[in-house]
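K.L.:
Start from the sequences and build out the full structure, keeping to the hints where you can.
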Amino acid sequence: MSIEEVTMNLAVMALDAAQMRQTAIAANIANVNNPTYIPVSVSFEDQLDAVRRTLQVGGNVDQGALSGVGARWVSAPNAGQGGVQLDAEVAKLAANAVHFQTLLKAVSKHYGLLQLAVSEGKK
Amino acid sequence: MDYEQIFAISAAGMASEKTRVQVAVLNIANSQTVATRDGVAYQPLKVVARPVASPAFGSIVDAALSMQPTVEVVADQSEPRQVYEPSNPLADKDGFISYPAVDNISEMVRLMSATRAYESDVVAFNTARSLALKTLEIGGS
Chain A
57 MSIEEVTMNL AVMALDAAQM RQTAIAANIA NVNNPTYIPV SVSFEDQLDA VRRTLQVGGN
117 VDQGALSGVG ARWVSAPNAG QGGVQLDAEV AKLAANAVHF QTLLKAVSKH YGLLQLAVSE
177 GKK
Chain B
295 MDYEQIFAIS AAGMASEKTR VQVAVLNIAN SQTVATRDGV AYQPLKVVAR PVASPAFGSI
355 VDAALSMQPT VEVVADQSEP RQVYEPSNPL ADKDGFISYP AVDNISEMVR LMSATRAYES
415 DVVAFNTARS LALKTLEIGG S
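Residue numbers (the working numbering), protein chains in the order written: chain A, 57 to 179; chain B, 295 to 435.
FYI, nobody ran anything at the bench for these hints, they're computed from the structure. Keep in mind that a hint or two might mislead.
Said to hold, decoys possible - Simulated pairs of lysine-lysine, DSSO-like, Cα-Cα distance not exceeding 27 Å: (1) A/161 <-> B/428; (2) B/428 <-> A/165; (3) B/312 <-> B/340; (4) A/178 <-> A/165.
Said to hold, decoys possible - Some, not all, of what chain B presents toward chain A, calculated at C-beta under 8 Å: (5) 298; (6) 304; (7) 419.
Glycine is no exception: its CB is placed at the ideal position from the N, C-alpha and C atoms.
P.N.:
What follows is the structure, encoded as structure tokens:
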């Protein structure tokens, strides 16, 4: 497994997770006036702790370390808050939008490198 | 500068200001409620805030950056206001009824300062977001 394939897999999974999170936050905001609604969120970054440890110990990450990692829906009732906190959800929306743009930038720069290699440095 | 951490701090500030507004509104709404003969009365609430360091401890700078405000709502232990109204059906044998110890002017001031603090938190959040987006422009478009 090449490093490039693992990097692209991780970046694409992170992009998927960011997009799912955007959907989850939009659903939460849409249900702000619904008292029986249970807020949803997406779990992805917390699954990367094991991957990070593999990287620190082994020095590189192969496809096997990413096998159990994936973006998942998590139903998260707010402990003691009751329903959707609108200001918190809007803050998460803005943070997630910045995160998504950062990931997009990373993926496009990565493809730019590949394009440079493919075109042998010529424009 | 971990922009996610800055967003979390601003969001925690907004949540605590919202709690202050809720408590001030509740106190103002209940400022004219009278205690019943059984002693059931409105207990004024107040908000106590202190910074709590989040679990991610590292250097001193990280610890300072992770000080998010948390608020808790506690009951105010002040004595109710006694007003002489013998014609009120809820008056006791001396003709006094007791109102909760809510000072409307103080509650209005708290409401206004909480609103301004909330707006400042939103400005801080938007500034951090613009900085993060500007950072993405490093390396050309």
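K.L.:
Could you tell me which of the numbered hints above are not met by this structure, giving the numbers in increasing order?
P.N.:
none
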